[in-house]
Amino acid sequence: MTATSSTAKAATIYLGFGSNIWKQQVKNRCHTSEYLGIARLPGYRWFIAAQGGANIIQGSDDDEVWGLAYSLQPEDEAALDVLERMPVHFTKEIVQVQLWDQEADDNPADPAQAPRIVAAIVYISHERTAVGEPRKEYVIRMNHAIADALSSGIPRAYIENVLRKWIPAGDGESGKTVG
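Numbered according to UniProt numbering, the sequence shown spans residues 1 to 179.
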């Protein structure tokens with residue numbers, strides 16, 4: 001008789017809200033990750049921190065952060081902890097998000113449908129709250145992320161009113177469109 005391990009850790013749902021909206025970047029960093037759908041975190045505000053990358057902070061009831069949800073195996077969660085320089089630069093927190101699953105036919109998720117509420121991890125810096133300008137390399141990655149956000153079903157109004165407020169179209173220098 002063989003016993004199964006009851007200590008095996010289940011997959012974690014991760015909300016990527018910055019350059020980790022870019023599916024290929026997440027796949028390169030977290031090899032076993034699986035894209036689940038689009039997610040909304042109510043009551044938080046997205047911005048570019050003085051260090052040049054995205055961060056979120058608690059905001060008003062009207063604020064919201066959209067991103068892509070991924071399923072992470074423990075080894076990928078550990079790799080992401082290192083990439084996010086946890087706990088020095090970011091802390092990992094569990095939040096409740098609204099998740100719209102990707103359609104079975106690979107069509108974008110539909111935020112007009114009812115979401116499911118799930119616990120997800122996010123990486124937040126409570127110290128890096130001064131606003132700044134995005135690093136040039138971050139603009140390139142964010143433009144890939146924005147392309148994936150649009151094709152995945154994140155509302156265009158969020159992209160135009162929040163992400164594009166901070167991230168110019170193009171590569172950050174020449175004005176060439178990326179993604």
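Bear in mind the hints are in silico, worked out from the structure with no lab data behind them.
Cβ atoms here follow ideal geometry from the backbone N, Cα and C, with glycine treated the same way.
Any given hint might turn out to be false.
[What the hints assert, rightly or not] So the derived label-pair ranges between C-beta atoms look like this:
no.	residue 1	residue 2	range
1	E127	D106	26 to 34 angstroms
2	A169	P74	34 to 42 angstroms
3	G59	K92	17 to 25 angstroms
4	A119	D63	16 to 24 angstroms
5	R164	E75	18 to 26 angstroms
6	L150	K27	12 to 20 angstroms
7	A169	Q24	32 to 40 angstroms
[Said to hold, decoys possible] Once the Cα atoms are required to be at most 25 angstroms apart in a straight line, the calculated DMTMM-like pairs of lysine to aspartate or glutamate come out as:
no.	residue 1	residue 2
8	K27	E127
9	K23	E93
10	K23	D81
11	K165	E75
Holds or violated: 18 to 26 angstroms for the Cβ distance of R164 and E75?
Given a distance of about 35 angstroms, which is not inside 18 to 26 angstroms, the answer is violated.
Please check whether E127 and D106 have a Cβ separation lying inside 26 to 34 angstroms.
40 angstroms, violated
Within 34 to 42 angstroms: is that where the Cβ-Cβ distance between A169 and P74 falls?
37 angstroms, holds
Could you see if the CB distance from A119 to D63 stays within 16 to 24 angstroms?
With a Cβ separation near 20 angstroms, A119 and D63 satisfy 16 to 24 angstroms, so the hint holds.
Verdict for A169, Q24 (Cβ pair) under range 32 to 40 angstroms
19 angstroms, violated
Restraint check for K165 with E75, where alpha carbons must lie at most 25 angstroms apart
Status violated; Cα separation ~35 angstroms.
Sort out whether E127 lies within 25 angstroms of K27, counting only the CA atoms.
28 angstroms, violated
Is the distance from the Cβ of L150 to the Cβ of K27 consistent with 12 to 20 angstroms?
Since the Cβ atoms of L150 and K27 sit about 18 angstroms apart, the hinted range of 12 to 20 angstroms holds.
With the threshold set at 25 angstroms, check whether the alpha-carbon distance from K23 to E93 stays at or below it.
21 angstroms, holds
For a C-alpha distance cap of 25 angstroms, please report whether K23 and D81 respect it.
18 angstroms, holds
Whether the CB-CB distance between G59 and K92 falls inside 17 to 25 angstroms
About 20 angstroms separates the Cβ atoms of G59 and K92, which means 17 to 25 angstroms holds.
The structure fails hints 1, 5, 7, 8, 11 (numbered hints given earlier, in ascending order).
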